[in-house]
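Student: In the order they appear, the protein sequences are chains C, D and H.
Under our numbering, the first residue of the first sequence carries the number 1, and numbering increases by one thereafter.
Under our numbering, the first residue of the second sequence carries the number 1001, and numbering increases by one thereafter.
Under our numbering, the first residue of the third sequence carries the number 2001, and numbering increases by one thereafter.
Calculated from the structure, these hints are not laboratory results.
Glycine included, every Cβ here is placed at the ideal spot set by N, Cα and C.
Take these hints with a grain of salt, some might be off.
[Claimed, not checked] Which chain H residues face chain D? A few, computed with CB under 10 Å, are given here:
| hint | residue |
| --- | --- |
| 1 | VAL2011 |
| 2 | SER2300 |
| 3 | SER2346 |
| 4 | ASN2376 |
| 5 | LEU2378 |
| 6 | LEU2381 |
| 7 | GLU2389 |
| 8 | ASN2390 |
| 9 | THR2434 |
| 10 | GLU2435 |
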Amino acid sequence: MIADGISRSQLRMHALPEWWHRTLAWSLFLHGAVLLLAVTWSGMFTGSRSFGPVYDVELVSLPAGKMSGKGISAAKAEVQKAPQEKAIPIQRFQAREEALALKKRQGALPSKQESEDALLEKALAKIERQKPPVPTRQEAQPAATQTEGAAGGEGQGTGKSVSLVNIGGMKGDELSQALALYRALIYEKIESNWVLPDRLMLDKRGLEAIVMVRARRDGTVTEVRFEKKSGDAYFDDSVFKAVIKSKPFPPFPDIYSPKEEEIVMRFAPGNERY
Amino acid sequence: MVSAVDLVAIIGYKYRSSFRRSGERGEAVLVHRSVEMLWLGVRYSYNTREEVKQEMRRSTAWMLGSILLVFVMVLGVSCAKKTVTTEGEPKAAPAPMPAPAPEAKPAPPAPAAEDKFAVAKKAVEADDIYFDFDKYNLKSEAIKVLDKKVALMRENSQMKVRIEGNCDERGSNEYNLALGDRRANAAKSYMAKAGIAENRLSSISYGEERPVCKEHNETCWAKNRHDHFVVQ
Amino acid sequence: MNRRVRWLPLVVVALCAVALILQALPVASRIYIDFSSPFLRKIPIAIPALRHEGGDAAGYPLAKSLAETLGGALTFTGLFQVVNPTTFLQDPQQMGLDTAEIKFAEWSFLGADMLVRGGYKVSGGRLEVTFRLFDIVNQSQIMKKTYVDEATAVRQIVLRFADDMMLQLTGEPGIFNTKIVFVGDGTGNKEIYQADLDGANIRPLTADKSIDLNPEWTSDGKAIAYVSYKKGNPNLYLMNLLSKSVETLSQRSGLNITPAWHPQGGKFAATLSVSGNSELYILDARGQILEQLTNSWAISVSPAWSPDGRKVAYVSNRADKPQIYILDLAGNTTTRLTMEGDYNVSPAWSPRGDRIAYSGMTGGEFNIFIIGPNGNDLRQLTGGSGRNENPCWSPDGRMILFQSNRQGPTTLWVMLANGSDQRPLGLRLGGSHTEPAWSPRLTWSPS
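I would like the entire structure built from these sequences, with the hints used as guidance.
Tutor: Pasting the structure below:
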């Protein structure tokens, strides 16, 4: 096959024989195909949940004196003051201790006096302080602890593909920012309504429940369904009530086009005091 | 100090021409050249050995000096501490021995015996013995005190003594009752072994229930870990 | 070869396209959110003043006192947080009583998840109260109950309803029919006192003017065993709580301390040092020794029965420092329970059997720990707050009562069995309060 007498160095520098071309092309094609399949394969089968990109959200301290019984109009007046409250620019899920401290600061309990506007302004202020607000895979990394139960990594596939598919010509950045804001709003609302008594959770650890909520653009909730129950009736009840109490949801961001969306929420206090 | 980088640069420069030619002759040439370089490096550094030696000597001297200084300071502090602690505990020992014997002489014989008993009683009750935390073993100072009491009890054969065991406030009341019981019994069995009849000795534990002081510090706690003696 | 090469890459491309399309289907379009921290750990409950329906004095004092007493009781359970009544929008005397009349949206607005609404009337010296419990979120009534008693029995009625509420909501009856005893030194001497479980109605039980310690309930809750130095030596006594008569259980020489009544009654364990060393014994209800449990050179003290009466946890210093051991009576085997820490005392076995609470020294201070009976799952419940000792369990094993000096003179504190919600009992009594003991559920009427 190879002409005799030609040194090895010479071979390296001359052109390849005909059949080498074809073999190389074949090999390249196969490698590329396998790679492509592998990337899209994981996205296709979302049997295991992937949550994220994960957002680090800090609960803003609610204005003091909100809970004194002054009647609805007076309460509304107080609510207008809400956006001026200093938002703590730390990016961290509210720690339990801080939630308790927050509760103490308030004096009594959170009330639904806070209108959607106030919630929106609060979350907006917070988002604006987050720089950069665009969720990237790199940003999701530090919050890995939150998604330890999620298979398939940090939900890179699905999260991103939503924005890609629904983009309709809009900038990916703007959409992601709007979605981040929307998720922060929902998170704040539901979390502040989540009541899980210690007394009913003694000796119970590692409970996890997943609830799917179907919401419309205008915020109405059409369906609330358990995708996974924790097995503990009190826990599941608390989770369900947290969602119910948060109806109606805030409306979708304008640039987010779908008429309806499925919002999947995982409640997992982990190995806290329970 | 001559920097290693300078060394390599100098040697490299010296042999730059040979690098260009080595490609022709292959690996054998390269090896030969690197060995030469190493030897040159060694020789080069050897020349500056004196400087290097001096610097090393200086830095070693500094190191040793500072270590010595720290050592001396530490020693000084610990010596001071030792003198303080040894002062504290056996203060109880030197106090008694009033024994105003002159008082007994001019009085008639019978009251003398009573007074003698009163004096002995005071002596026996005066000194307590002390224990370490969670311990009921008799320390050497305690033994000395007990020996004195034994001697006094030998001289006053009608004397009966109740030994009260106590603890500091730490730990549970219940455990401290048991610990106080042990402390009282430790003294009791020592004195019994020393020859005092069992029916002259009784013991009771008060645990942490009868502290002599109420502060929450080691000084007070040390005072509470004691056996107290009451003549009956 | 050429033909095969031609259509193979096409197939591969087609497959990838299909995969892309499939993956882009609406099924994959979802928004995901994680929640890891509940905001509230107690149920917010609103208890407006009850509606007066006849017979009460001017100003309807019972309306408020019924509601406030219930609020206090529910707060004590650690399950509820009572919503401030000054936020209520309506006058409770005008508010409706049943489901149709309840304005659920308003209560939700105020932040309440549950509501207790009730009415009462007084006639002929009798008080009749009807309570209704509502679920604000589900907008439905959970339960309705009526109680009748003497007009002065406000507290008893409220506590009975609180118990029924706990049964309804947690599946277990409440513990409001229990009492506590403890040691108080307000008079200058240590005496034994009795109180309701929330610290109300304090009554002295002894007036020995000596040193009284180690109070413990008998298993039927009708008597207290305790230690007293009133005759000079620490002896064990038994006081009948109904007749207040006292009999001597053990006055042997040496220590007669730490009584622990057998869960099924009829006998008790105690520490006696009559043999010259403190050992554990089982004695009958008259004080006769039935059995000697320990026999070693070490100190053995502080026995605590398992709820099935088959094991005894106790303190021994056989390993040079006080640690807790468990004696299995059937096999006569002893295993060491506490492996962490240098000084572990005061074991208390949960009535549920799955945990033992004790007091352990950490960094020079004492804290309450709980541990499984196999030595597993050790958890520290208090920390950084003074000296915390002598834990005892509520009869349902959901709460722990202990003593703490974190806010001044030692007094009694209570917390949930997982260490949350620690608060003082608020005993209105001078001096310090120590060595608490929680009664079983009482069948006789507490005076």
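Student: Which numbered hints does this structure break?
Tutor: Per hint list: 1, 4, 5, 6 violated.
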